[in-house]
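Student: Next come the chains, spelled out residue by residue.
Protein chains: 2
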Amino acid sequence: MASRVDFYFDYISGYAYFAWLRIQEICDRRGVALDIHPVLFAGLLERWGQLGPAEIPPKREWAYKDAFRHARLHGIELSCPKVHPFNPLLALRLSLPEVAGAAQRRVVSAIFRAGWGQGIDLGSPEELAGALDREGLDSAALIQQASAPAAKEALRQGTERAVGRGVFGVPTTFVDDELFWGSDRMEYIELALDGRDPLDHARVREALARPRGADRRKVRPGGDG
Amino acid sequence: MASRVDFYFDYISGYAYFAWLRIQEICDRRGVALDIHPVLFAGLLERWGQLGPAEIPPKREWAYKDAFRHARLHGIELSCPKVHPFNPLLALRLSLPEVAGAAQRRVVSAIFRAGWGQGIDLGSPEELAGALDREGLDSAALIQQASAPAAKEALRQGTERAVGRGVFGVPTTFVDDELFWGSDRMEYIELALDGRDPLDHARVREALARPRGADRRKVRPGGDG
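Order-wise, the sequence lines are chains Z and X.
Numbering of the first sequence is given in our numbering, commencing with residue 48 and proceeding in unit increments.
Numbering of the second sequence is given in our numbering, commencing with residue 48 and proceeding in unit increments.
Just so you know, these hints were derived from the structure itself, not from any lab.
Everything numeric in this text was worked out from a predicted model, so none of it was measured.
Glycine included, every Cβ here is placed at the ideal spot set by N, Cα and C.
Hints are supplied without guarantee of correctness; some may be wrong.
Stated by the list, open to error - Chain X side only, calculated, beta carbon under 7 angstroms to chain Z, not exhaustive:
no., residue
1, Arg51
2, Leu120
3, Cys127
4, Phe133
5, Leu202
6, Arg250
To be verified - Derived DEER-like restraints, expressed as beta-carbon distance ranges:
no., chain 1, residue 1, chain 2, residue 2, range
7, X, Gly242, Z, Asp75, 48 to 56 angstroms
8, X, Arg257, Z, Arg264, 32 to 40 angstroms
9, X, Arg51, Z, Pro196, 56 to 64 angstroms
10, X, Ala187, Z, Pro104, 37 to 45 angstroms
11, Z, Glu200, X, Arg257, 43 to 51 angstroms
12, Z, Ile123, X, Arg252, 16 to 24 angstroms
13, Z, Asp247, X, Arg76, 26 to 34 angstroms
14, X, Ser156, Z, Arg77, 19 to 27 angstroms
As the list claims (entries may be wrong) - Lysine-lysine pairs mimicking DSBU-like chemistry, simulated, CA-CA at most 35 angstroms apart:
no., chain 1, residue 1, chain 2, residue 2
15, X, Lys265, Z, Lys265
16, X, Lys129, X, Lys199
17, X, Lys199, Z, Lys265
18, Z, Lys265, X, Lys129
19, Z, Lys129, X, Lys265
20, X, Lys265, Z, Lys199
Just chain Z, same shape as in the assembly:
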């Protein structure tokens, strides 16, 4: 049986919002520890040399539509942040265990709900403060701590550690050391937590070890081959 779940997210991602709405209940029902890790998605993209979905115009449009369809079908409140992309640094630092402490889940829920559910500007310190206050949290103390050098360093190191574990996107959930990317694989996470992961690891190792046969940069639709 799995002993631990790590959840990596950035508020920039609506899919992270959807996953957040489920991961707590999935862990709590099973009595499994849930560690919550804010990371800077921009830092992951930079590290892996990848574009985010919102940086490819038709993918951005598809992603919004996909999110609205999911929300409608699952009865989820979705307004999307009123500015996007936004600078997520303060929101992420507010959500660090080093800053939020025992209130971490409440902080994360308050920010996700205010941004993705109700549409505040998650890059605005004033609007973030309002969202925290409405949840009965002490926004002034939290923002002061989140603005300290130690919080900046913690987010930097946390993002680095995530890269070191192979996190390439958000949300990413680990069940022990097994990585699950995205908000639409919650079923696999539950199976893994219940000791029923259908994966045959030997087949995966064998497939990953197979030879490469082509370099896609040399393959052209009108070319030889």
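Given the coordinates of chain Z, assemble chain X onto it according to the supplied hints.
Tutor: Structure of chain X alone, referenced to chain Z:
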């Protein structure tokens, strides 16, 4: 009601294989026309400046695992092509309507099954010929046609047209002019075909028109903000 489905794919993608296994039945059951478009995924990546999932090491590993989990849970035969990535040009050209004609669905099914189901090398003309022959298709005639300049030009133009429609990945399915990316949104495709797409297009338009607030290349995890 929707009048037409367009399916864009490249054999390089295991997700395209999964979608192919369902899209015919989804269309046929409703009497909806299905147009099948082989495109070069490498050309899409190049056009949008994007990396493929197999080009980010931990994403490649995740994608294989994800595919094996899906196959096991849905009873799908999956061996994966024995060389990957491979040069897909001949396989794609064999699958063009201009080449395969009335046998297009049989050709596409034969190639997908032989590669992803049974593990042949989809970059090998000899192994492709064997796969077509086993399906009772005339591999010699098909390969001759697929190797003609007209076929090369058709694949090039088809990939260009796909980019022009906003295709950024494979598989992509259009229901009339609505784009659905991936193999895990078949439910949305079915809803759209049944005139029950849950999407509120006005909300999407409004969300897409909102202002941008940050440039992620300027946001650093340890930076100001």
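Student: For each hint, tell me whether it holds in the structure or not.
Tutor: Hints and how they fare:
no.: 1; hint: Arg51; result: violated, 19 angstroms
no.: 2; hint: Leu120; result: holds, 6 angstroms
no.: 3; hint: Cys127; result: holds, 5 angstroms
no.: 4; hint: Phe133; result: holds, 4 angstroms
no.: 5; hint: Leu202; result: holds, 5 angstroms
no.: 6; hint: Arg250; result: holds, 6 angstroms
no.: 7; hint: X:Gly242 <-> Z:Asp75: 48 to 56 angstroms; result: violated, 39 angstroms
no.: 8; hint: X:Arg257 <-> Z:Arg264: 32 to 40 angstroms; result: holds, 35 angstroms
no.: 9; hint: X:Arg51 <-> Z:Pro196: 56 to 64 angstroms; result: holds, 58 angstroms
no.: 10; hint: X:Ala187 <-> Z:Pro104: 37 to 45 angstroms; result: holds, 43 angstroms
no.: 11; hint: Z:Glu200 <-> X:Arg257: 43 to 51 angstroms; result: violated, 32 angstroms
no.: 12; hint: Z:Ile123 <-> X:Arg252: 16 to 24 angstroms; result: holds, 20 angstroms
no.: 13; hint: Z:Asp247 <-> X:Arg76: 26 to 34 angstroms; result: holds, 32 angstroms
no.: 14; hint: X:Ser156 <-> Z:Arg77: 19 to 27 angstroms; result: violated, 41 angstroms
no.: 15; hint: X:Lys265 <-> Z:Lys265; result: holds, 32 angstroms
no.: 16; hint: X:Lys129 <-> X:Lys199; result: holds, 25 angstroms
no.: 17; hint: X:Lys199 <-> Z:Lys265; result: holds, 15 angstroms
no.: 18; hint: Z:Lys265 <-> X:Lys129; result: holds, 20 angstroms
no.: 19; hint: Z:Lys129 <-> X:Lys265; result: holds, 20 angstroms
no.: 20; hint: X:Lys265 <-> Z:Lys199; result: holds, 15 angstroms
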